[in-house]
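> Start from chain A and add chain B according to the hints.
Which chain is which? The protein sequence lines are A and B, in order.
Here the first sequence stands for residues 5 to 145, where the numbers follow the numbering used here.
Here the second sequence stands for residues 310 to 632, where the numbers follow the numbering used here.
None of these hints come from the bench; they were simulated from the model.
For clarity, every value in this text was computed on a predicted model and none was experimentally measured.
Each hint can be trusted.
Only pairs whose alpha carbons sit at most 16 Å apart, straight line, appear in this in silico EDC-like list of lysine to aspartate or glutamate:
no.	chain 1	residue 1	chain 2	residue 2
1	B	K463	B	E522
2	A	K68	B	D330
3	A	K18	B	E328
4	A	K68	B	E334
Computed, partial: chain A to chain B, Cβ under 10 Å:
no.	residue
5	K18
6	G20
7	G64
8	I87
9	G90
10	R92
11	Y98
12	L100
13	R103
14	Q113
15	L119
16	E123
17	D125
18	L133
19	T135
Note that the Cβ used here is the ideal one computed from N, Cα and C, for glycine as well.
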Amino acid sequence: MVGSTPTLVYFSSKSGNTHRFVSRLGIDAVRIPLSVDHIADVAEPYVLICPTYADGEGRGAVPKQVIHFLNDPERRARLTGVIGTGNRNFGATYALSGRIIARKCNVPQLYSFELAGTENDILRVRQGLETLGRHLCSTAL
Amino acid sequence: MNDLTKIRIPRAINWNRLEDDKDLEVWNRLTVNFWLPEKVPLSNDIPSWNTLTDEEQLLTIRVFTGLTLLDTIQNTVGAPSLMPDAITPHEEAVLTNISFMEAVHARSYSSIFSTLCATKDIDEAFRWSEENPHLQAKAEAILRTYAPGNDPLKRKIASVFLESFLFYSGFYLPMFWSSRAKLTNTADLIRLIIRDEAVHGYYIGYKFQRGYEKLPEEEQLALKDYAFSLLFELYEIESQYTEELYDSIGLTEDVKIFLHYNANKALQNLGFEALFPPEVSEVNPAILAALSPDSENHDFFSGSGSSYVIGKAVATEDEDWDF
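Pulled out of the complex, with its shape left as it was, chain A reads as follows (with noise of 0.2 Å):
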């Protein structure tokens, strides 16, 4: 494990909402490709943040990039927590797709923002990575 937080895989269709959250929390990312031609790797635990296009009823909540990412069953079980993105304005399948992701893979839903973010929780995402980091690094002896 280098540095002191998990590494973080996420999607970001191109509206670019996630992908200007991760900008902004300052810790290396992996994109997950919007081709799902191409396919982005992990070899290590890692967070996925994941937005939400759901319908009303919930269909389609979790990107089809993603469900294709976490079909591989050994990309599956590096999964170690997930963060669920959506709006509210969308009643209760607002940030679906993280819980749906948590649901399946039996890995905590670590947390749930809006859109691109506000600065508070930017730090709440970055001081909840770094302690889950030191968390990972103390139990993978």
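Chain B only, in chain A's frame:
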């Protein structure tokens, strides 16, 4: 003959050849989310409506006529004014959906009125909306930007501010009633409107960003200045509008925080940074819960990090991943 040559015949739209995937994504989202006010059992709110004081009823009707005006503007002027600027034929088709749904929204408020209110009170509230200087001022500020010949990207900025900011001084009230277990069916209908407006603000903001990124830096700066100064102008009007409406029930400060929060989200839809700092944008949790009920917020990071336990991933088959 000369006149004929000026007619521009659009190419037949081919949805199997996309220039921008976002057009189809948003088209699908909007069409799946289609609804009509008849879907919501508004009449169940009649007993609840009767528990409101005369003053609270008057406020509610006025707030809804204000929202009706914004939806009417977006239906008949706003969304149509964006169509000639569309980059792709699919974008134009999406805008026709947006325009029509705004008509559904405007129509919905009249369904609420006819279910809950007396004709005399409805007519009075519509008259109020025509005469209220703050409401008229915000309509004018937006319509000025929509005028033909104006910069297409400025039109998109104004449109995002209408969709993602200006509605919220009004949306606050049904969310507040809902948090007090009042007018809960009306709140269900308003949440459908809020959901649609969120897609509209997202999509128009996305199209803005595609145009903006192609501009030289100097023009980008000028456009960003324009966006922030328009937001300041609208915020000034919104503050006065909010005071006039909500002072009587002591909610003005709470509504203003909601305005800051939504102004920041509108800016994010345009790809810009937030304007209002977190300390004046932390919305009353009861209102947030009314906005997104049942979306339980697992906030692991704010709790004690030391209690974190790594879950063991269950071995799932690939076909399970049918999210």
